[in-house]
Amino acid sequence: MNVAASIPTRPEFEPPAYHVREGREGVALDIRNFNLWYGKAQALHGVSLGIQKGMVTAMIGPSGCGKSTLLRSLNRMNDLIDDLSIDGDINVGGFNIYGSGVDVIALRKRMGMVFQKPNPFAMSIYDNVIYPLRVDGVTKKSILDETCERALRSAALWDEVKDRLKESALGMSGGQQQRLCIARGIASDPEVLLMDEPCSALDPIATAKIEELIGALKGHYTIVIVTHNMQQAARVSDNTAFMYLGRLIEYGDTETIFTRPKKAQTQSYITGQFG
Amino acid sequence: MTDISDPGIRNRTTPDGDNAELTQGKKVRRYTADLSATGEPALWAFGGALAIGILLISSFLFMVFWNGITTFWPKPVAVVTLEDGTVLAGEPTRNERFRPGTAILNAMSEEQRAEVEANGGYATRTLYKTANFDLYGDDFRWIPDYTVTQTSYPPDFYTFERQEWGVFIGRVTGLVIDDQPMAYDPQVMRREQREARQRFNEIRRLERGPIGRINHRLEQERLAIRRAQLRHGADSAEYEAAVAEGNARIQELQARFGEIQSQVAAIRALDQRNRVQLEEIGGRSIEPPLSQIVRYYAANDLSLLDKAGIYFSRWGEFLSSEPREANTQGGVLPAIFGTVAMTMLMVVFVAPFGVITALYLREYAKQGRLVSIVRISVNNLAGVPSIVYGVFGLGFFAYTMGVTIDQLFYPERLPTPTFGTGGILWASLTLALLTVPVVIVASEEALAAVPRSMREGSLACGASKWQTIRYVVLPKALPGIMTGLILAMARGAGEVAPLMLVGVVKLAPALPVDGFWPFIHLERSFMHLGFHIFDVGFQSRNSEAGKPMVFVTTLLLLGLIVAMNSTAIIIRNRLKRKYASSHF
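Chains A and B, in that order, are what the protein sequence lines are.
By the count of the working numbering, the first sequence reaches residue 275 at its end, each step adding exactly one.
By the count of the working numbering, the second sequence reaches residue 584 at its end, each step adding exactly one.
Bound conformation, chain B alone:
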């Protein structure tokens, strides 16, 4: 009955015979299917493609992560002597192979040329961050390694991070305290520098606080006069009265402004009396006020703990302060704030709009040709290039709606636009428009997935259609709708191109939230991490100097998006659980 010669049957477990043979260790021909029958080649191809994809993405993320987290680690300063006698100091940044041209080859010595030829015509060179931009006009220099005769790491070389002009690398030759020159004393230096920074922050505080408030009030007074002029005419009695009253108050304010200005000037004068004398390797020296020194350290004389301290202090500055030096130094707090605020506002706009649209399409509209066309159009909207939305946002929101708002509500400020230019409100509305198809599609699917039996159960209880939607359909569909919002958020937070047209700027003068009524200023332009990356990496005077910041900011943007999405996911899962046992 059983054909033992058939290998397919041979492997089956049978009560006797065959199995006994197998257990006795007799060799059995194994049954294998044709490769194409089991789909193995396709399996390898698709699996391989997936593996390559994952590998590419994860190695890219790793590169961003690694470069991002190592950027702030303090690097040593090398003093390099070249064969022509030049001496320079700088942080070795990276190393690469290059092919020297004939002119360079001819200028080499015999041994060097032989070495290059032995390397297949390649030599290596190192990029040194020499800093001292104010003295030499560049930050970085490529040095071919064969020209280096000596490299040392002297412990008396310091790296200074300055408020302006970036990094200075050199020696400290002396201090000037209270206009009295004295020898360099690390302890005095540390104490005086800390005090100078406190004075610097005090000036900041005065400028932000009292001076900012006076400026704001002055602006309000001027606007009040202008308003009176617009409302009553330039030769009316009301206008005269407003001018008289306003000018009196303006004078009063200006007097107070002068007072605080002189206070600031006094601190500044004090600052100028405390300086540090620095000398760079080429012999040129500078004498900046101590208040300009943000951070300094002896680059080659640091313990691991010191390095960690500098590392975390830099992170702290990065996360909590404003940018300086054309965004290549300092922090990104305004950009973090702008990104988060814009994304939140976008969600506030996109959620009701998308959900209401989806509700209408799925629950109320008669399913027919028209609804199909609308649905296809919505899907196509998701494929429109984002810059097109930017152009639309600028043309419609800023130049049409914004200008109208200005004419109606802020005529006294014209010709300076208030809402008639890019701002965080228009940016978030533009992004809401950009992401609304995602929300509509996801919400529609979530609504469609609510079982018909649930709706029927509710209707059979005598609930109206709206009650059914409100109490049964929406809670059930909410996690799906949230998923759509999360996708929209992920897309919106990373979008840059349209924002450049509708409100993102390189450096925003003020945050969209401050202490002046109405506290939230949606008309203001803002900073964004995505634009910051573009600006620092590709628009700054020296892209090499901005490069580390690109990685750190990219890391931060990724982290921020991950954080916002995970928060949304946690909220969604909470809701899921809540509605699984909800009370009305």
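The following block holds chain A by itself, in its conformation from the complex:
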């Protein structure tokens, strides 16, 4: 069942101390009674959820249940959509990200994001990784080089690409590209890493590597992962939220959700009766 277990782990891989922070107890993202409408269609109905610091939180549910919408609300990627309206609060570090005067760019810099399909830019590997720093105005080469190496090491990609940093990122395999996107997501040392079905376009071996990586990054970052693969949620996450039709049905630690769910809907979804 556990694919990751059959893959030999990388003994040389060790997350650098750079990412470790003190005081990771408590709630990193506090979602309170959050409603969202695409035009007139309501996509999220009063979702309330506290995502715990330093842990991996999985969001599962059938297609169209609003789990991706909720994830994209966390760094306000939904702002790109016209005719969107929201109601409710999402608090990050004590302030409401939908409050007035919030600097969306600053917010996004605190949250790395990895997408469903690997989306490296048409640049070199090096430029891809340091992109968040470049747009932040960092020009000092020593900092950029250091960050590039750290991020690539954290994403378990350094040894594979260290000799071809100046080559195009588009020449990498899908799995490498996705790990590159993770490296890019953590390059600016964010607090939160959002992952929107990061393995859905990858083969099982690449998926296993990503899952292994999530396990390694856990503790250094608060990770929120949307997945439609329940086994994956069970393998990688500490907490799991089950959503259905825009509502949060059940939220709790992963073991409880998968072994003793309280709600009948959760029970039938995880046993594969619908979805």
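Everything labelled a hint here was simulated from the structure, so no lab data went into it.
Check before you lean on any hint, since a few could be wrong.
[To be verified] Each computed EDC-like pair below joins lysine to aspartate or glutamate, with the alpha-carbon atoms no more than 20 Å apart:
{"hint": "1", "chain 1": "A", "residue 1": "K40", "chain 2": "A", "residue 2": "D103"}
{"hint": "2", "chain 1": "B", "residue 1": "K465", "chain 2": "A", "residue 2": "D136"}
{"hint": "3", "chain 1": "B", "residue 1": "K476", "chain 2": "A", "residue 2": "D82"}
[Stated by the list, open to error] Facing chain B, according to a computed beta carbon distance under 8 Å, are these residues of chain A, among others:
{"hint": "4", "residue": "N75"}
{"hint": "5", "residue": "R108"}
{"hint": "6", "residue": "N119"}
{"hint": "7", "residue": "Y131"}
{"hint": "8", "residue": "P261"}
[As the list claims (entries may be wrong)] Label-pair restraints from in silico Cβ distances:
{"hint": "9", "chain 1": "A", "residue 1": "Q267", "chain 2": "B", "residue 2": "A449", "range": "41 to 51 Å"}
{"hint": "10", "chain 1": "A", "residue 1": "P62", "chain 2": "B", "residue 2": "I57", "range": "51 to 61 Å"}
{"hint": "11", "chain 1": "A", "residue 1": "V27", "chain 2": "B", "residue 2": "L370", "range": "22 to 32 Å"}
{"hint": "12", "chain 1": "A", "residue 1": "D79", "chain 2": "B", "residue 2": "L319", "range": "52 to 62 Å"}
{"hint": "13", "chain 1": "A", "residue 1": "D79", "chain 2": "B", "residue 2": "P41", "range": "49 to 59 Å"}
{"hint": "14", "chain 1": "A", "residue 1": "N33", "chain 2": "B", "residue 2": "A449", "range": "35 to 45 Å"}
{"hint": "15", "chain 1": "A", "residue 1": "N33", "chain 2": "B", "residue 2": "K366", "range": "28 to 38 Å"}
{"hint": "16", "chain 1": "B", "residue 1": "I57", "chain 2": "A", "residue 2": "D203", "range": "47 to 57 Å"}
{"hint": "17", "chain 1": "A", "residue 1": "T271", "chain 2": "B", "residue 2": "G47", "range": "19 to 29 Å"}
{"hint": "18", "chain 1": "A", "residue 1": "G171", "chain 2": "B", "residue 2": "L370", "range": "54 to 64 Å"}
Cβ atoms here follow ideal geometry from the backbone N, Cα and C, with glycine treated the same way.
With chain A held as given, fit chain B onto it using these hints.
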């Protein structure tokens, strides 16, 4: 289970039975679908239409190419004796069938009439390039073939290309060197002609260089006086001072001008002392100075190597010198320069304007009714007849903007317009306007084709919208934008109609680039290959004489557009590769 009588199934490979029958060579009814079901008639129709189209285009291109590359090949001179005793010399140019009228038929002899009737009432005639326009007032003559009694190709007939009056065909009877008549000696002739041409070029150089500079300075002095008058008034002390100072310098310049003029006059006098005596077939003779002879050759006495030499020498002159004889002879260098410069300037104007518009429409504007209307209008702009842009360019750029610029910055030159008339700047702006819809549409499509995931990836990294566009969207869209620019260039380089209103002239006095400050003179009128074709082919005194030039110039224009487009395509492909692995 398997119905063998069904032909559709019969052809299938089955493990036994049917297949065995086939291999034994037994005849099987083949399955064919109904014609309309497979779309065969439509296939033939469309495929045929495509083939005809390609055939038409390629045969047209071949005709232009063939006529273009053979024009400069030296042709023999035929001496033709007609039945009425007339003798004429000329290059046979082409041959055609014609139907003689009754008056001509009545004038024929019996056998001739019988022959014409045997040919279904048709006779043939040949067009001879008899040249010698200065003596007879025409260059070409049609000669019906039945009137020719004798044709010969005497080796002592020469073709002379002259600086003025075009080609002369005839014999050389003698030379006049240093006002001393002497017999014709090919070697002396060759040497003296080369020297005379060097003198001719020296005069050119003096006129262009020192005299041009003095003229320019004189003009500057006059303008300075006029400026002082405009600024301080006609009875102010400043004006008086400027006049005194300016006149002193003008006198000095005029003295130097006189010096160089006398130098030129001395060379001219020397030129007049070296002449060649020519006699044409009708017995009339001329005695032009040797410096007027650009090129000459014994048309019927040439080896293949000589012919090739003349051929390439003509190409060299065509590509590197200025036109003469109302553009029907000489070169097209100013036109090549004008075409390339105008196209480049157009790209410089159209690229930022089109790309910024497309960026706004696609990335910033709220997609709604207004943007749709703008987009439709832009598309419609591409369909406006180009002459309308010419009228607009003349009215808006030259007569509104240009006149204002003149009043503000060049008041001393008025009433002579500087920017207030057609010029290369206004022409390229007009063409930029004409081609901007192409760039906008192509750029918009290229921007729209950048995947949403890339933009999201960049925004999620904390990039601002502009950073996202600058670093992710534009590089990705650049090849598409370049494609739009290439299309715009192809359209702009071949456009003639609007240019005739906004700055193209038959003969430009000076190139838009020269040695006088500010070196690039965007207000100047210029020559253009497209207009050159129109002018030579249809506006010259003798369209038959211009015809070969039409083909050569067309070939050159096509070649130039192909060259410019391929350069742009190469640059685009380089960019594509560069941005596939770019560093910021």
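Hint check results:
no.	hint	result
1	K40/A x D103/A	violated (27 Å)
2	K465/B x D136/A	holds (13 Å)
3	K476/B x D82/A	violated (24 Å)
4	N75	holds (6 Å)
5	R108	holds (4 Å)
6	N119	holds (4 Å)
7	Y131	holds (5 Å)
8	P261	violated (32 Å)
9	Q267/A x A449/B: 41 to 51 Å	holds (45 Å)
10	P62/A x I57/B: 51 to 61 Å	holds (58 Å)
11	V27/A x L370/B: 22 to 32 Å	violated (45 Å)
12	D79/A x L319/B: 52 to 62 Å	holds (60 Å)
13	D79/A x P41/B: 49 to 59 Å	holds (55 Å)
14	N33/A x A449/B: 35 to 45 Å	holds (40 Å)
15	N33/A x K366/B: 28 to 38 Å	holds (30 Å)
16	I57/B x D203/A: 47 to 57 Å	holds (49 Å)
17	T271/A x G47/B: 19 to 29 Å	violated (59 Å)
18	G171/A x L370/B: 54 to 64 Å	violated (43 Å)
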